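If you count the sequence shown from 1, position 343 lands on 343 in UniProt numbering, and the numbers rise without skipping.
Please note that the accuracy of each hint is not assured.
Per label pair, the in silico range of CB-to-CB distance [said to hold, decoys possible]:
#1 Lys1058 x Ser754: 39 to 45 Å
#2 Pro724 x Ser754: 20 to 26 Å
#3 Pro724 x Asn917: 49 to 55 Å
#4 Lys112 x Pro28: 25 to 31 Å
#5 Asp1005 x Ile866: 53 to 59 Å
#6 Gly502 x Leu763: 55 to 61 Å
#7 Ser745 x Lys1150: 50 to 56 Å
#8 Pro783 x Thr1123: 42 to 48 Å
Note that these hints are calculated values from the structure, not bench results.
Given the structure is predicted, the values throughout are model-derived calculations rather than measurements.
Even for Gly, the Cβ is constructed at its ideal location relative to N, Cα and C.
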Amino acid sequence: MSYEDDKLCWKDAARRILILQESSSDGPFNSNLNVILDELNSLDYATSVVDNEESALQVLCKCCTLIQSGGNDDFLSTKFCQLIVNLLAKQKVGLNQETLNHLASFLINCIKICKKWTVLNILRALGSTLYENGSLCEQFGDRLLGKGGVLVDLCRDKSQETDVLCSTIQCVANICMRSSNGLHLDDKFIAQAFNLLLDLLQTSNPNSCKTEIEHFRVINAVLRALLNVLVLGCSSQSYDLGPLLAALKNYMFCGLPGYKPVYAEKRNQQPEDQPGIEPDDLSSVHLDTIPQKDRTYSALSKKKKRRSNNKKSKQTASPVAPKQTSVGSLSTEVPTQTFAAMNLHYSLSKEAGHQEDQCISLRPRNMQRHTTHYSRSNNFTQKKDSAAMNMNTLDRSGAESSGYHSASSLSNASSDSEYSDSEAGQTARLRSITLKVRLNVLLCLQAVIKSTDKKVLFGYWSSFIPDNTMSASWSLFTIILKDPTPKGRAAGVTVLMDLLDGSRQFLVAAEEREQHSSSPSSRPYTSFSAKLSGIVHELHRCLLQALVAETSATTKAQILKCLSLLVLNSPYNRLKEGLVTKVVRQLRPLLFLKDPNLQTAVLSCLRMVVCVHTPLQEVVEIMRPTSEEISTGNRTVSGNNSSSAHDISSVYVKPDLQVPLESPWLINWCVNTINRRENSLVVRLEALQFMGSFVKSYVFLLSSSVVECLRSLACSCLKDVDVPFTLSAMKFLEEIARAVYADFSSHADRSAVSKEQILQFWLKLMDGPLITVIQEGSSVCAPSCSAAVDCLSNIGAVIFNEFPVHKRILCITLLLGLSNDEDKNVKASSVRALGVFVLYPCLRDDVLFVADTANAMLTAMADPKIMIRMKAAWSLANLSDSLVTNMSCGDTSFMEDFSDMLLLKLLNTSITAADDNEKVKSNAVRALGNFLRYIRMSSLDKPGFVEAVEKAVQALVRNVGSGLMKVRWNACYAIGNVFRNAFLPIGTAPWTAEIFTGLENVIRDCKNFKVRINAVLPLSIPPERRYYGGVTLYCRIFATLIDALKGTEKVTEFSEFKYRDHLRQQLCNSLCHMTQMMTEEDASSLGSTLEDSHDALKDYIADYVRHLYTQESSIEDQKDGNTATEKLTAVQGAHRRVHGELEASTPAVKILQDVFGEWTKATETKDEARTTEEVKSE
1 MSYEDDKLCW KDAARRILIL QESSSDGPFN SNLNVILDEL NSLDYATSVV DNEESALQVL
61 CKCCTLIQSG GNDDFLSTKF CQLIVNLLAK QKVGLNQETL NHLASFLINC IKICKKWTVL
121 NILRALGSTL YENGSLCEQF GDRLLGKGGV LVDLCRDKSQ ETDVLCSTIQ CVANICMRSS
181 NGLHLDDKFI AQAFNLLLDL LQTSNPNSCK TEIEHFRVIN AVLRALLNVL VLGCSSQSYD
241 LGPLLAALKN YMFCGLPGYK PVYAEKRNQQ PEDQPGIEPD DLSSVHLDTI PQKDRTYSAL
301 SKKKKRRSNN KKSKQTASPV APKQTSVGSL STEVPTQTFA AMNLHYSLSK EAGHQEDQCI
361 SLRPRNMQRH TTHYSRSNNF TQKKDSAAMN MNTLDRSGAE SSGYHSASSL SNASSDSEYS
421 DSEAGQTARL RSITLKVRLN VLLCLQAVIK STDKKVLFGY WSSFIPDNTM SASWSLFTII
481 LKDPTPKGRA AGVTVLMDLL DGSRQFLVAA EEREQHSSSP SSRPYTSFSA KLSGIVHELH
541 RCLLQALVAE TSATTKAQIL KCLSLLVLNS PYNRLKEGLV TKVVRQLRPL LFLKDPNLQT
601 AVLSCLRMVV CVHTPLQEVV EIMRPTSEEI STGNRTVSGN NSSSAHDISS VYVKPDLQVP
661 LESPWLINWC VNTINRRENS LVVRLEALQF MGSFVKSYVF LLSSSVVECL RSLACSCLKD
721 VDVPFTLSAM KFLEEIARAV YADFSSHADR SAVSKEQILQ FWLKLMDGPL ITVIQEGSSV
781 CAPSCSAAVD CLSNIGAVIF NEFPVHKRIL CITLLLGLSN DEDKNVKASS VRALGVFVLY
841 PCLRDDVLFV ADTANAMLTA MADPKIMIRM KAAWSLANLS DSLVTNMSCG DTSFMEDFSD
901 MLLLKLLNTS ITAADDNEKV KSNAVRALGN FLRYIRMSSL DKPGFVEAVE KAVQALVRNV
961 GSGLMKVRWN ACYAIGNVFR NAFLPIGTAP WTAEIFTGLE NVIRDCKNFK VRINAVLPLS
1021 IPPERRYYGG VTLYCRIFAT LIDALKGTEK VTEFSEFKYR DHLRQQLCNS LCHMTQMMTE
1081 EDASSLGSTL EDSHDALKDY IADYVRHLYT QESSIEDQKD GNTATEKLTA VQGAHRRVHG
1141 ELEASTPAVK ILQDVFGEWT KATETKDEAR TTEEVKSE
């Protein structure tokens, strides 16, 4: 029948069903319905048959009504279930709420009343109905998953057939799937499904199934269903992780030689009674990590059995297998078999039990193929490595296998037809299904890791990662090192990567104070930091060993990525030297592999080495041109894609670019690799990125000749035709310029590159392709032009000052011109570069340049693109800094020449930007504070300034009270700048109270201590009493500071604890500052406040003075710009005020005299003695 005929048949049969009416005689009615259903099911649903989904939904609803009214004929129900699968699974007809209600109600009733032989077909139809429709099934949740629900009862039935049980589990999986619109079943039912699946996973055993293969089919179905639950992120947050992780670990090594899962007997356990793993003590499952000689599976043929017997006789020639075998430069000791004394017990097979002392020695897999009875060639035919490695595809295939695609063939889920019924066929089927179990366990574990808080999950690390070489527990490394398939090993590596991702915050506690020992028995007590150190060492050892043993190129690349994550998160600065050396020694030969993907992964890992905890002395030693640490290891790399590792000196170098002999060996290799245009583009790109990271962290290792070589290399790369490559080269050039200048600025006396050499570096760039790229603008290549402008912004003030005048003019002209470019990236980069240049001393006092830059900023701030406004706001804030710097330097000529009207425009633009996007606000408020500080009295007399000042203050107050924390503390800092302008009417203006009220609210209520510190800081700036307004306002501010001081005892957030002392110090400093200017009227009004806080205030001030005198100021203390001496001066000023200038007639003054008493007197005496000593020394 043709494609069009099927469509016509469908339309005709659908029409006949829709007009079919129930008759008084069941015989003809059932016969007609039976004929129509047969016609519908006979169509080829592999092609598009249904044009109108609405008609299909009507047919489904009509059939529900007709078959129910027809007496629930089992044959009709079965045929209707087949039609449901055809329409929903094959034709992908989407269900609406009404149709789903009809189908779900019909199918649930059928399961309850139909004969047993029909249940399997009904469950398949139910699975297709529930697939991704969980959010529409709320009203059926209890009937399906509640107590006495049909799915629950079918799962609990021990006598249930395997196919029926798997189909039931499939229904549970499908109802838990997230729909295409992101909705899912209510969490209450998700929790019930989770408990059901976890109970099945814990209690299912081969005794309830006919064969072990059927048992693992059930486990595989449970794991796929559990994965659907876990990806919703609900279960791990609502339940104890122990039982879940224990159940997963029980099947994680399923099918590996020497391992047999433990099967519990008790069903229907409560969550608190379930066997589980406890956090922080998870390494108690002690089993042999090395698979046994006597494999679980028998030989596939007599010929292979004879061959294996011959090999076994050779292997057992010596009575005991070697305990330790080296692999390259690594070694592994074979642990003895032990059992765990914990809730979850593991057991070994009898055959494995008799082979305690005959463990297979660990060696590269290409050697194991010839020495192991259970060889990979007998297990599976290896697929393409790319398919084996693609975990996303694996994840997706797992999801699809949980859906309606497999509903019609669930009984044949393992592709049983591919295997014969012989012993060899059954063995192959068992291997196949156990592999699927292992993969699905790892996927579930991956979902748990992603949905669980890393802090909680870290307590369970030792259950999956050993902490010392002698550990005999089955771990993730058992999978990574010993799984017979590349797909299984890659899955284990992926799970380990998820564990390592973001683990730096926990591994940072690792520390080695003594010589690292691999044996825990050698130490009577193992500290937490030492245990973490052991985990880090074992991670390095096992990953490097896996790197040597791995034969699959894609899995090896995955191991390299995992190693990169480990390097990035390891606290090498707290560990003894040697780990990084081992990593680099193992990676260096891999640089000479022919596979570009592996070379890229190796370079990426080495890039992590030079990025982490810089600078590390160990890395400095490793990277030297003649580093013995990394040249004495095994230089031979196994595999088809490898070549011998030659010395760097033998690598071909192009005659036009000679690499200096003193360059680090890896820089040498990268230069030669980039210079060979026949090399893979991805390798050359990664080499450029590596050199950029190296220069950023270890520029001090580069001599001037090496820097010049790198400059020449980057300039030659700019001529490449590949745009991504030239863009990377430009960014590399920018990194060289930035790092060289930063090193010179920090260590001018011992920098490897002098000022003259840096100047020549830039002059050559200006005469080379850099300026050409900028002059071409966005018309040729906008990304390259933008990167070139970014590079130009790294010249540095010292070097730019040495430029010839025509070069300066060229730079300025180019940047001002590109600030109006049509490309947003070029425009943003140019605006940012102008913001850098405006801070250069040789340009900031140039009125014309500053005015041109200001106009460019005004234009950019009006741009509709948020990225441009962000850069413009940052540059505008820098321009305001330059104005304040000129004012502070007393440059009156600049101030007279700079236009007041332009200043007013800048002020109004900043006011508008203060209400813009949060990323614009943070710099807009900074600019507002500077402009308000810069305004002169002559400017205030001009029209528009008074109103603008009031609006600016109100904008600052708004941003102090709300927004991102960075915006709020910048606004507080800006208010401090306002208080530094004596020409503003602070204290008498109407907005005075608004400023102080805004600061008080933050000091009193803000939970972020850094913001509170910045809010307290402006209160210590006003130089005169008039700034604080009247007596009422002054006393209110003083009382707020005292209350805030007492409130520091209540720290609700642990992260804020480290800022508490600094907040106290700043509060005390502001109180001392205000006390210096206190009047008698102020003191009288503060009487009750001081009486209530007398003792507490006295203790805080005493601690503060002690802190200042001993000069125990933290780094944060220096951010307010006041030295300890200046703060002591404020304390002494307060002492003089209350003891010598205020009348002691009021109780408040007496209290203050007591507060500023003995400590301040002692301080003054010691200061006088110090001054006397200084005079004598002169």
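Now for the hints, and whether the structure bears them out:
no.: 1; hint: Lys1058 x Ser754: 39 to 45 Å; in the structure: holds (41 Å)
no.: 2; hint: Pro724 x Ser754: 20 to 26 Å; in the structure: violated (34 Å)
no.: 3; hint: Pro724 x Asn917: 49 to 55 Å; in the structure: violated (30 Å)
no.: 4; hint: Lys112 x Pro28: 25 to 31 Å; in the structure: holds (28 Å)
no.: 5; hint: Asp1005 x Ile866: 53 to 59 Å; in the structure: violated (30 Å)
no.: 6; hint: Gly502 x Leu763: 55 to 61 Å; in the structure: violated (45 Å)
no.: 7; hint: Ser745 x Lys1150: 50 to 56 Å; in the structure: holds (54 Å)
no.: 8; hint: Pro783 x Thr1123: 42 to 48 Å; in the structure: holds (47 Å)
The earlier numbered hints that this structure contradicts are 2, 3, 5 and 6.
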